[in-house]
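Undergrad: Take the two lone chains and join them into the complex the hints point to.
Note that the protein sequences, when read in sequence, are chains E and B.
If you read the first sequence in the numbering used here, its first letter stands for residue 1, the second for the next number, and so on.
If you read the second sequence in the numbering used here, its first letter stands for residue 1, the second for the next number, and so on.
Bear in mind the hints are in silico, worked out from the structure with no lab data behind them.
It is possible that part of the hints are untrue.
To be verified - Quick list of simulated restraints, FRET-style, between CB atoms:
1. S63/E to Q83/B: 22 to 32 Å
2. E83/E to H71/B: 32 to 42 Å
3. S111/E to E123/B: 22 to 32 Å
4. D105/E to K33/B: 39 to 49 Å
5. K58/E to D101/B: 37 to 47 Å
6. I73/E to Q83/B: 13 to 23 Å
7. E70/B to S94/E: 43 to 53 Å
8. K68/E to D91/B: 24 to 34 Å
9. Q83/B to K72/E: 44 to 54 Å
10. H32/B to D120/E: 22 to 32 Å
11. T52/B to D100/E: 46 to 56 Å
12. K72/E to G31/B: 45 to 55 Å
13. A100/B to S112/E: 46 to 56 Å
14. S94/E to R58/B: 35 to 45 Å
As the list claims (entries may be wrong) - Some chain E residues judged to face chain B by a derived CB distance under 7 Å, without partners named:
15. E29
16. V33
17. I36
18. F40
19. V123
Please read these numbers as outputs of a predicted model, since none were measured by experiment.
All C-beta atoms, glycine included, are put in the ideal place defined by N, C-alpha and C.
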Amino acid sequence: MEEELESGVVKKFLYINRRAPHGTVYAHEALEVVLIGAAFEQDVSLAFIDDGVFQLKKDQDTSEINTKNFSKIFSALEMYDVEKLYVEKESLESRGLTEDDLSVDVKVIDSSEMKKLITDSEVIFNF
Amino acid sequence: MLFGILVNEGPYQHQASDSAYLFAKAAIEEGHKIFRVFFYHDGVNNGTRLATPPQDDRHIPNRWSELAKEHEIDLVLCVAAAQRRGMVDPDEMKRNKKDADNIAEKFRISGLGQLIEAGVQAERLITFGD
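This is chain B alone, in the form it adopts within the complex (with noise of 0.2 Å):
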């Protein structure tokens, strides 16, 4: 099956992203395909490079920057929501005139059409939140 994912939550504060992560995961291994991860409110806190969690903790955005890598899967930050809440990457620094970006690795910023095109595409769109 075709899954779409939508993360609402950021990380740590909230366990919808280890849920959604977990959910991707345990998709992927019985051979189901993640169409895209969309994260929207905080959620697109996920999708920071500069977190430094303890080293006996997991590292939230690392962990979903490994299973893009792994499996190809696309990991979208609302545009928005990212703009609101100071996470950067390197066009939207330019294009904001911002002195650095925080973007995580196989992570992107892109509109909300990319969680309205998963709703449509995908078989299943599941969302994780309260």
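The following block holds chain E by itself, in its conformation from the complex (with noise of 0.2 Å):
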């Protein structure tokens, strides 16, 4: 497997998901990034903001589309302790979701707060 750091730097991470989860490869490549980079052992932080909202969707079915379903895989992110899941008010509503909508456990803030994470954060992943 991948080798591990050892120069003990821990940097605060962000994952940037703003794309719609089906119809381009982004949303789930960006997933592979984020599991793979839970065994650095980095601070994550995980967004979701505008289309990107939607890859938490629950009850999605990609059999149809002979896609992969990797929405599923949101639910055991804790596993690889990445519990930070951040998703932007403003892109909800606008799309007419709400917080029962999502599959997992998150934190619902607005644009501001949003922000805020992104100037906080120092390896910013936009995907």
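TA: This is the structure we're talking about:
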């Protein structure tokens, strides 16, 4: 597997997910980075904005589009010690979604709090 | 400053690889260092040695190879993304029993850990893509 870092450096990593889960591969491959990255013992947060909030939608079924239903992996993130998931309130609302539509526990924050989260992060992946 | 670079889009289709290349070149000229260039998503297609663009167009994969040769830059294609898209080096060729490899000079294929490492080690990680 991957070699682990021995530098002992811990940085604030933020993965920003802003695209719909299906239709392009970005969301799926972003999750692969999160899973591998979890082994590096960094301070990891995930943010969901814009159409990215659909990635966490409950009861996804991809059987008719022949793609992998990777949305199930979000509920396993806890086992990887990835526990800080932030969803932007405005993105949810403008898409007619509420927290009850989501498959995992998240913290809903508004856009000014999201801005602060981004500003406070050191390494940002934008998928 | 020590930079890490992430390229998320393929060559020619999208400006990302051009911008990343020009950024890397400019950074080096200004005395900065590049820790690694990591290619992800369709960005792995930048590492093919089989591209034949028209003569009056830039040769994007060769341009990366030459920059790497000149300045010892680490060019890494993500293995998972590369496998999906048919980017193959000699080791992958053997491992996955393919009849050819297609990786350009100075590129190598490795895991996503190399991207995380670039995030940790570099002072800035710059993403090029949409």
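Undergrad: Take the hints in turn and mark each one as holding or not.
TA: Now the hints, each set against the structure:
| no. | hint | result |
| --- | --- | --- |
| 1 | S63/E to Q83/B: 22 to 32 Å | 24 Å, holds |
| 2 | E83/E to H71/B: 32 to 42 Å | 40 Å, holds |
| 3 | S111/E to E123/B: 22 to 32 Å | 28 Å, holds |
| 4 | D105/E to K33/B: 39 to 49 Å | 41 Å, holds |
| 5 | K58/E to D101/B: 37 to 47 Å | 43 Å, holds |
| 6 | I73/E to Q83/B: 13 to 23 Å | 19 Å, holds |
| 7 | E70/B to S94/E: 43 to 53 Å | 49 Å, holds |
| 8 | K68/E to D91/B: 24 to 34 Å | 26 Å, holds |
| 9 | Q83/B to K72/E: 44 to 54 Å | 22 Å, violated |
| 10 | H32/B to D120/E: 22 to 32 Å | 25 Å, holds |
| 11 | T52/B to D100/E: 46 to 56 Å | 54 Å, holds |
| 12 | K72/E to G31/B: 45 to 55 Å | 48 Å, holds |
| 13 | A100/B to S112/E: 46 to 56 Å | 53 Å, holds |
| 14 | S94/E to R58/B: 35 to 45 Å | 41 Å, holds |
| 15 | E29 | 6 Å, holds |
| 16 | V33 | 5 Å, holds |
| 17 | I36 | 4 Å, holds |
| 18 | F40 | 5 Å, holds |
| 19 | V123 | 4 Å, holds |
Of the numbered hints listed earlier, the single one contradicted by the structure is hint 9.
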